[in-house]
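Protein chains in written order, with the UniProt record's numbering: chain A, 1 to 359; chain B, 1 to 359; chain C, 1 to 359; chain D, 1 to 359.
Be aware that a few hints might be false.
[What the hints assert, rightly or not] Dumping the calculated DSSO-like pairs for lysine-lysine here, alpha-carbon to alpha-carbon at most 30 Å:
| no. | chain 1 | residue 1 | chain 2 | residue 2 |
| --- | --- | --- | --- | --- |
| 1 | B | Lys41 | A | Lys247 |
| 2 | A | Lys135 | D | Lys91 |
| 3 | C | Lys247 | D | Lys247 |
| 4 | B | Lys190 | B | Lys177 |
| 5 | C | Lys247 | D | Lys91 |
| 6 | A | Lys302 | B | Lys91 |
| 7 | B | Lys247 | A | Lys160 |
| 8 | C | Lys302 | D | Lys247 |
| 9 | A | Lys247 | B | Lys247 |
| 10 | A | Lys309 | B | Lys41 |
| 11 | C | Lys247 | D | Lys302 |
| 12 | C | Lys309 | D | Lys247 |
| 13 | A | Lys41 | A | Lys177 |
| 14 | A | Lys190 | A | Lys91 |
| 15 | D | Lys177 | C | Lys41 |
| 16 | C | Lys247 | D | Lys177 |
| 17 | C | Lys302 | B | Lys91 |
If you are wondering where the hints come from, they were derived from the structure by calculation, not from laboratory data.
4 protein chains.
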Amino acid sequence: MFTITTFGESHGAAYGCVIDGCPPGLALTEADLQGDLDRRKPGQSRHVTQRREDDVVRILSGTLEGVTTGTPIGLLIENTDQKSKDYSDIKDLFRPGHADYTYQQKYGIRDYRGGGRASARETAMRVAAAGIAKKYLREKHAIVIRGYLAQLGPIAVSLKDWSAVSQNDFFCPDPDKVAELEDYMNALRKSGDSIGARINVVAEGVPPGWGEPVFDRLDADIAKAMMSINAVKGVEIGAGFASIEQKGTEHRDEMMPEGFLSNNAGGVLGGISSGQEVVVSLALKATSSIHLSGKTVDIDGKPAEVRTKGRHDPCVGIRATPIAEAMLALVLMDHCLRHRAQCGDVQSQTPIIPGKRNS
Amino acid sequence: MFTITTFGESHGAAYGCVIDGCPPGLALTEADLQGDLDRRKPGQSRHVTQRREDDVVRILSGTLEGVTTGTPIGLLIENTDQKSKDYSDIKDLFRPGHADYTYQQKYGIRDYRGGGRASARETAMRVAAAGIAKKYLREKHAIVIRGYLAQLGPIAVSLKDWSAVSQNDFFCPDPDKVAELEDYMNALRKSGDSIGARINVVAEGVPPGWGEPVFDRLDADIAKAMMSINAVKGVEIGAGFASIEQKGTEHRDEMMPEGFLSNNAGGVLGGISSGQEVVVSLALKATSSIHLSGKTVDIDGKPAEVRTKGRHDPCVGIRATPIAEAMLALVLMDHCLRHRAQCGDVQSQTPIIPGKRNS
Amino acid sequence: MFTITTFGESHGAAYGCVIDGCPPGLALTEADLQGDLDRRKPGQSRHVTQRREDDVVRILSGTLEGVTTGTPIGLLIENTDQKSKDYSDIKDLFRPGHADYTYQQKYGIRDYRGGGRASARETAMRVAAAGIAKKYLREKHAIVIRGYLAQLGPIAVSLKDWSAVSQNDFFCPDPDKVAELEDYMNALRKSGDSIGARINVVAEGVPPGWGEPVFDRLDADIAKAMMSINAVKGVEIGAGFASIEQKGTEHRDEMMPEGFLSNNAGGVLGGISSGQEVVVSLALKATSSIHLSGKTVDIDGKPAEVRTKGRHDPCVGIRATPIAEAMLALVLMDHCLRHRAQCGDVQSQTPIIPGKRNS
Amino acid sequence: MFTITTFGESHGAAYGCVIDGCPPGLALTEADLQGDLDRRKPGQSRHVTQRREDDVVRILSGTLEGVTTGTPIGLLIENTDQKSKDYSDIKDLFRPGHADYTYQQKYGIRDYRGGGRASARETAMRVAAAGIAKKYLREKHAIVIRGYLAQLGPIAVSLKDWSAVSQNDFFCPDPDKVAELEDYMNALRKSGDSIGARINVVAEGVPPGWGEPVFDRLDADIAKAMMSINAVKGVEIGAGFASIEQKGTEHRDEMMPEGFLSNNAGGVLGGISSGQEVVVSLALKATSSIHLSGKTVDIDGKPAEVRTKGRHDPCVGIRATPIAEAMLALVLMDHCLRHRAQCGDVQSQTPIIPGKRNS
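Start from the sequences, fold in the hints, and give me the full structure.
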């Protein structure tokens, strides 16, 4: 119901996005979208890529005097800092761990300039579009969607303090861990290598009843959305893989008139939101764009060595926090509207028990 | 492109399914579908629920003299062993960990008889439908899709021998572990509790080029499909959560003219198949249908105790193996057709390097 | 949002349908659906085909104790009067005007028994499914959807009296024309030929605001729905083809506080319902299943003569009235839910002017 | 499969479009799209609106060095000649025959500047997008899609000569009728009124087998596409409404080894292309943007008079020819890819009989 359609490549003229299904009457200007774009933007600290992307988003349609009209919202971000020359020497080589090889095999042609469509820069459009969803969910349903870095390589981080997340370069929710992260990243950058990360995202205030029972389950759509983020290799809802070793008596979240006693379900039961916090965790691989040489083949299948030059994130996971928040917002917004469509006659009922907070 | 639409509740008259998009000219009879249905069927051993479901599937349309005609294929499984009386005393109670509460909140009404639409019995239709996909993929593309139990509670199992999987009650690929699994399950059943599991699924022979770059990535669609299986709480592709601690030099799968040197990607790069094995792992929670009493509330929010009677799987993960295979088959079939639609002009090209086998 | 998926062939085991998106809480039993099925059913008078189709529909899922639960509704109609032998001699011939040739070319195989999937018998499932939509629209929105025969071959019929429609074999709204229609059909049947017809359908009570502006316009979706009925070759909304010769001053429906002064628009402006009656007209060709021999080719392209035996409608348009009503109901139901999804926040506003009735 | 998503309003910053599913490897530059845009463009003659829209399209993504890559193609047309002041005095009035009233009722807000999203200017994006489809269909399948004015108010025009169409301001296929059309339009413009029109569109070379049997029939999708064009009130395929009075022996197109003997079907049988010319006819109403005053109400339901100033087409039908061609191209392209998806295994077979040309 709330759909986004994007276009654009890292070294093309612009990225664009069309948002269909946005409810009318929502106050909306570029300023509402720019904040998360800036959080995602490269070049913010020495721990992320030093590419300069201005990422200035323009709203081209769908609003009148700062209010949404219900018609499609067109967004545009023009590319300003493309250095296509960086990529000319890998034109006929497939970088290991990249989509170079699979694009070539699929299409018989590929845009070799900086990853083309496979570049994570595409997520800027999703972050911009999700800014609309976030605002609607916050204003109409008091839903708050927040994420944080939960692990960087070997360093696990606990959710100590939500307010800390915005006060360091890592989206780290534990101020005492920031120095350790800095040291790790400095050493990593020096080595020329890269590292994976875990990001957690939480939505508070989701009312019970969102999601479809079988195919378009809320958790299934979240899994798809998260796995569609570049570099993500795993997704968990609630207890996730820890569920394997939990007994039924331990995993099932018992209920009291005051609320649930635990949240192993991660806020989703039978594909439908329970009113508890929706809790998602994702694993991101290390970027394959590293300066250390690796074995590969060229377009004729001949052996070769490749070394990625250019400017890249040593840990793409760091900047993934606002992207993961964005994807969760897009899924929730879609299910908000879907639920209203089918269950508008009954949806006003109050929850039988409150959705207990984890925090 | 290859879509399935299902209906049915555990205690209704029948389950049904419509398959749209099946290519014409495929030899197909009920016998092609019954095999996997029988693998999924309850009552096969004492380690799974003792419900008797005959699960006899009928093909109602879409074939002529045993060959698909290209028109929608209708499947039907009639319910024969419904004991609705088992559920009457939980009509107004919400079983913890079940979808009872969320269905009631979403729809203002729920089918309290055995889980209704939320019952895992619905997956029988997906397994039946996937039988068509499996057969097509095998005959036209020599793709083989197989799964196994990789962990049951605390007991991890390695892939020793594919042929062992069909020779025990657990889909266990290591014959030496079967006795340990038996003992664990016997003790568990005695305790009245249940346990989680991990299932791995592998598709061999997928050609490079299937999957869409951004939203409908092959891995994203697999994540959604797997998370739509009842009780699944986590999904991994390739190295999955282990990617977090891998460095870029370790994770990236280097390439040689003879093939890839590793398969951390799990056969998907940039959302598109690479020609390597597609490797998926999923975590299933313990069933919440256990005989041990738990705290809950009733439909008025009053505190209550609930104890599930009836016949249930102490480990739903065991029977999930054919279901996970089915979901992977459905996703691959869909992307097979999608790829042909867009890239039919170029798809005949041979792979530049062979997709190296893991096994 | 309200989607139907059907399967079945005229000489297969059964027709089936899955309805997704039906709101929960609607009282629904088979009796609600059987009435329109009986109106559509062959064998009701000597002017339509003498095939006996019992067309008894069963609801297999989606209701509990006679109330919809919000989960998919499965419908099934078993085929009971198939005479496959009637068709054996046309197995390798293409009947002119039928889909025989196009199915063979598309799929490389075709179900030659009575049209297979191309048989108008498939519309029984749409009529059954639409019974749900009709009931919901009537109960929640006081929408009434009715159709009538407006022309049969050379005989045009005016809407004199809605109540007359159900009192003759032709859905004719002018009692004084019935005898003329009888005579025409008797002569036609004797000649062995068939004839075309025009059906009009009207929906009263549709509130303003349903429909999407550009692609999924209400009128566009109606056009598609009507053209998807077998034998339909033309669709008009409101003034339709008469608009060509109307000047702007004549066509535009002026507005007064008491309502619109005319309804050339047919209740749709800019793709969105205006609150006026939605008025649709469709042209149906004469059935090509006639007893008079015609030129054709066989499967090898060799010239041949073909004569359809079996039992067929000399005017398929007669029975198309309930089908056209059904298609309009399905489109309106879908847009009812879509509108609620996007515009649920503002949809309660009252119309600025009343939707004037034509009648 | 070949989907277009558009955004933009007549007085916003820009119109945009995303094309998903375009096959890779197609040579494509802006020049391929500009031709049809120029044919549709206003200001070309004194018979159409004198608004100056430069309608210069830019390709923002999806090509590399002038060849499609298979990734989404983004198109942008910036608005340059918006005179928003023209519309300030109708801000709170509903122009009869326009979408003003229905947008206000649907969304509770409307962009009153020149029709906003309801403006026919949106079709520029569809024409641009269809340029890609037209080129692909022409190059890969030798399909030619052409349209012409078949009637303007009371003046019917016959298809005398395809080459005449591009040699007058009316897309008139009969050079002898041009003077009469000129005179009619001069008188009409002087009167301040507007008039309807009929446009015919023909696709030659469509192979047999495109289209889906029941819902997404080729003719149903064409009907939807045509009815989604602004001002269209009726659609016919083949014999269309003339079918009503045709007998079965007359309507059915008999077949010979040399081809069909007639084309009443308009190239579609059972929803699937037959290999004959696809023949479509559409009725366009007179524009409601006229200088003659009319009765209406204001936003509070109070009676009012309204007179549209600004620059408008006295006959919007004239410029609809390239738009109708565009919509037909988009539908055919989509079904081309859909057919390949499902029937790729059998699609290479040659037609059993040639698709006879009408002309």
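Original post:
Which of the numbered hints are not met once you compare them with the structure shown?
Top reply: 3, 6, 9, 10, 15, 17
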